[in-house]
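On the provided structure of chain A, position chain B as indicated by the hints.
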Amino acid sequence: MPLQATAVEQGVLVSTEWVAQHLKDTSIRLVEVDVDTKAYQEGHIPNAMGWAWDTQLCDTLRRDIIPKGKFENLLGQSGITPSTPVILYGDNNNWFAAWAFWQLKVYGHRDVRLMNGGRKKWIAEGRELSMETPPVTPAPYTAKEPDLSIRAFLPEVMKTSKDRTVQLVDVRSPQEFTGEILAPPGLPETCQRGGHIPGAKNIPWGKACNEDGTFKSAEELRSLYQTSGITGNQPVIAYCRIGERSSHTWFVLKYLLGFKDVRNYDGSWTEYGNLVAAPIEKP
Amino acid sequence: MPVPEDYSERKVELCGWPVHIVTYRLGSTYRTTIDNTDPGAWVVKAEGKTKEEAEAKALKEAQTLLEKVKRSKPPTGCTSVPGF
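Residue numbers (numbering that gives the first Met the number 0), protein chains in the order written: chain A, 0 to 282; chain B, 0 to 83.
Bound-form chain A, shown alone (with noise of 0.2 Å):
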């Protein structure tokens, strides 16, 4: 079955003709979420609400994912009750997007869709940008507890790294993986060593991408993952230099492949890559 078939159905993945249909409904709330914090301001889908990953969608003060009051206060203040379909797209083939997907589904949010292809898809398309921001009403918003299971702390990769219960995916390019350059070039270098966790299997987050920006078939990903045994019979542990490009491939696996047990080490490499004594294969 193609995979845009199957990921409606499973109400995770809408088209940039979907949301062209949906600018005026007022029962979903659009959210564009962009690795260039200032792309929102320069144009986004009419209607839609910006979030800003480094200041909005984290806690500011120490290293974590948004705190739940903050959460639910911006949640509100978007005027999205739990029960708002929530549309989110960005650049970078939707990057933070999917790191936004994956912070509501950690505090229960029921209908979470990404918009595939993202900000460049509807921008390659022509389709109308605008620069108002979006009235509000503000809404009540009472998030669930955080959903751990589907988060993944250091000491659990720590364990994993040497039993192998777990299968790690580093999802960064070989030349991060191989310790060859320290971030993805242009970027900061934000740790100290080069390489990564033993036992991990290199498979880039971009290669379940189309040139478009959209998901590949269910079919091309299921051999993309095989090829290098991540089948979903083991639990899966993914993770990338901070978070959010693992974001992505945690979405893929989870609600396009339809793993059970996928978690995202939102620590990634900058965490561990950071530790002193820590084992690191580099090849």
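Honestly, the hints are just simulated from the structure, not real lab data. Because the structure is a prediction, the values reported are computed rather than measured. Any given hint could turn out to be false.
As a list, the in silico SDA-like pairs of lysine to any residue whose alpha-carbon atoms are at most 25 Å apart [unchecked claim]: (1) A/LYS143 x A/LEU153; (2) B/LYS59 x A/PRO187; (3) A/LYS120 x B/LYS69; (4) A/LYS37 x B/LEU64; (5) B/LYS10 x A/GLU219; (6) B/LYS48 x B/GLY15; (7) A/LYS206 x B/LYS50; (8) B/LYS69 x A/GLY205; (9) A/LYS37 x B/ARG70; (10) B/LYS69 x A/THR177; (11) A/LYS37 x A/ASN72; (12) A/LYS158 x A/LEU73; (13) B/LYS69 x A/GLU270; (14) A/LYS120 x B/LYS67; (15) A/LYS37 x A/LEU73; (16) B/LYS50 x B/THR36; (17) A/LYS200 x B/THR36; (18) B/LYS67 x A/ASP35; (19) A/LYS67 x A/VAL34; (20) A/LYS215 x A/GLY10; (21) A/LYS37 x A/GLU127; (22) B/LYS56 x A/VAL34; (23) A/LYS67 x A/LEU153; (24) B/LYS69 x A/CYS190; (25) A/LYS67 x A/SER148; (26) A/LYS200 x A/PRO234; (27) B/LYS10 x A/PRO187; (28) A/LYS143 x A/SER14; (29) A/LYS158 x A/THR189; (30) A/LYS120 x B/LYS10; (31) A/LYS215 x B/THR36; (32) B/LYS48 x B/LYS69; (33) B/LYS69 x A/GLY266; (34) A/LYS206 x A/THR269; (35) A/LYS161 x A/PRO234.
Positioned in the frame of chain A, the structure of chain B alone reads:
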């Protein structure tokens, strides 16, 4: 409401790295974004009155950034060896 026009994208190599150049016009302004195709992190963006102007500005800035990327020495096979 404005719509993006004259959309173009291409891949080239810059400072030894593959980069992805996207340009479109919104109103009278051309906007260029250059990212490194793998992993695809945002690198730079620029605006101009023409496509050529916007892309030239972005390419110049991208080159400055990419020239600073340090590559480690050939892998040693050892554990916990500094990257550079």
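Report task. Provide an ascending list of the numbers of those earlier hints which the structure does not satisfy. Result -> Structure breaks hints 3, 6, 7, 9, 12, 14, 28, 32.
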